[in-house]
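There are 4 protein chains.
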Amino acid sequence: MKRPPIIGVMGGGQATDQDIRRAYDLGRLIAVQGWVLLNGGRNSGIMAASARGAAEHGGITVGVLPDDHLGQCAPGIQIPIRTGMGSARNTINVLSSDIVVACPGGSGTLSEIALALKHAKPIILLAFDVCPLFERIGQPEPMPSVQTPEEVILHIQNLLRGKSTSCHYT
Amino acid sequence: MKRPPIIGVMGGGQATDQDIRRAYDLGRLIAVQGWVLLNGGRNSGIMAASARGAAEHGGITVGVLPDDHLGQCAPGIQIPIRTGMGSARNTINVLSSDIVVACPGGSGTLSEIALALKHAKPIILLAFDVCPLFERIGQPEPMPSVQTPEEVILHIQNLLRGKSTSCHYT
Amino acid sequence: MKRPPIIGVMGGGQATDQDIRRAYDLGRLIAVQGWVLLNGGRNSGIMAASARGAAEHGGITVGVLPDDHLGQCAPGIQIPIRTGMGSARNTINVLSSDIVVACPGGSGTLSEIALALKHAKPIILLAFDVCPLFERIGQPEPMPSVQTPEEVILHIQNLLRGKSTSCHYT
Amino acid sequence: MKRPPIIGVMGGGQATDQDIRRAYDLGRLIAVQGWVLLNGGRNSGIMAASARGAAEHGGITVGVLPDDHLGQCAPGIQIPIRTGMGSARNTINVLSSDIVVACPGGSGTLSEIALALKHAKPIILLAFDVCPLFERIGQPEPMPSVQTPEEVILHIQNLLRGKSTSCHYT
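Residue numbers (our numbering), protein chains in the order written: chain A, 4 to 173; chain B, 4 to 173; chain C, 4 to 173; chain D, 4 to 173.
Between beta-carbon pairs, the in silico distance windows are:
| no. | chain 1 | residue 1 | chain 2 | residue 2 | range |
| --- | --- | --- | --- | --- | --- |
| 1 | D | Thr151 | C | Arg164 | 45 to 51 angstroms |
| 2 | B | Ser47 | D | Arg164 | 54 to 60 angstroms |
| 3 | C | Val35 | A | Gly74 | 45 to 51 angstroms |
| 4 | D | Arg164 | B | Gln17 | 55 to 61 angstroms |
| 5 | A | Asp20 | D | Gln150 | 41 to 47 angstroms |
| 6 | C | Glu144 | A | Pro145 | 55 to 61 angstroms |
| 7 | C | Thr19 | D | Thr19 | 53 to 59 angstroms |
| 8 | A | Glu154 | D | Pro8 | 43 to 49 angstroms |
| 9 | B | His72 | A | Gln17 | 31 to 37 angstroms |
| 10 | C | Pro8 | A | Gly165 | 46 to 52 angstroms |
| 11 | A | Ala123 | C | Glu59 | 47 to 53 angstroms |
| 12 | A | Val35 | B | Gln21 | 43 to 49 angstroms |
| 13 | B | Gln17 | A | Gly74 | 35 to 41 angstroms |
| 14 | D | Thr19 | A | Arg6 | 41 to 47 angstroms |
In case anyone wonders, no lab produced these hints; they're calculated from the structure.
We treat Cβ as the ideally placed atom computed from N, Cα and C, and that holds for glycine.
Build out the structure end to end from the sequences listed, making use of the hints.
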């Protein structure tokens, strides 16, 4: 069996309308590519939007919940992984993703970017400007940083072809 | 979106030929029902067999790995959740399952039965005789215990219909 | 620096008066030996009693809490480890103990015994009769099973001297 | 029983000589105050140095290891918490600390700062300039940032007196 790539979409529980639209479109495009979308599973912000975008276009959606129940699970999540582990699930989000896309978020999202760097996961920043810090702290080269979901997809396609691409578009 | 039920199949990394066959058939029947199969993800014993049975019949298979990599992931696993958490992932196995089926196993499987009882998850024993201890220890009624994968499916169907069924067939 | 042995004391959040007294005495004796007592940290049953027994006799007490806060922490716990991980902390309880003592409990305690077996931690049962199941399931020899805290201490002393002792007294 | 404050000291496994000296001194001063030092437990960099500083001055030292064994535990750690959970233990480091001190480090340390912000733990930066990013991202006020272990101690004393102090010295 060939495994579909798992694309982790991280981002805040609170988000602007524009970020919500981008996250929805990103979910949609991930589904259209036949990739699995994985996120933090909660029914808010980037998580809810990206899951909905993927689910409404036939994609498989995995939500790694901090909770041990489904009370706050996003409706677009098809496969809820209930960890009951709170923020420790951020580590699972990152480790389970073949590629991590970071949308705008707060300290939780920053922890996921940091953990992705630690575990050498490819990261793509979508309209989220965090480069300076992470580049200075032991990060050899800038993370790709783009402004549209379509550019994220192109980056992922390149990564999946084994062409590591770290040029950035900002 | 309607979420498919997630059926957790627990059991040993080492297993007899008969148990392997049962696990394969259970995976197959779970897939045919349109349910999601979740297990511990490793490429051995009950995990590998149940994943293969489901995957070869079009089912969605989720493996919650103790590892942070795919080196020992069963080929039948479509969605590997890499936890990097060792045995702590047993808790995730249980919490993420709507219904737990326990096949023969060792101490890891016993820990999952105990955790399932703690979190009030419905459990069905498949050819695995552990009742006396768990019944004595704070367990109000016997766990259903059956000998064939087909009986497991009937039990799950009853549970999903909201008909709690705890009669056992042993 | 020489590390003191860490003795894990597992057992139920609900317990009989006799079990509470035994747990208190066990905590006291562990402290007198200069060993560290580790338990699940909650303010109930075996956890609260064993922590109190150790703390009132000058011992170091570590509580590995399922919570991310101190709201339900036993007063006898000097060092509360806040995991926020729910039942996944049972794995930490076991891995962090050099020797595990299992007092009467429910499914949570059974999960800890199972995990201790999985990770080859020495286990001593204190007035808790679980042998038959675990002995049948891949357990090579019976776990030592005793009726008094004093016998537990003797067993631990033997284990620390490197004299594995698996004779049981029941 | 009055619980001593638990001071978490985060920082890199690799560190400059100057950072090592600062970490040692910080550990020493924490011990002299009668506080518990908690860190990531490994035998390298800031972890090894701060544990040694505390242990050599009679302090209690707790190491929350990513491992399930003691093979890489710093000699200065008196109480090793073996999690077997890899980077997920970073969450435990933060949750178990009453106050977090961040020394220079890499992506692991950044993840701990982010998690500390998420869980509203007081943070003090010791010779580690990360303010701009975290301040911009949903952080209401700058984290205190100091250059000497002595200043860290003063900050902690103020925090323990309930005088929240967020002026920074950089």
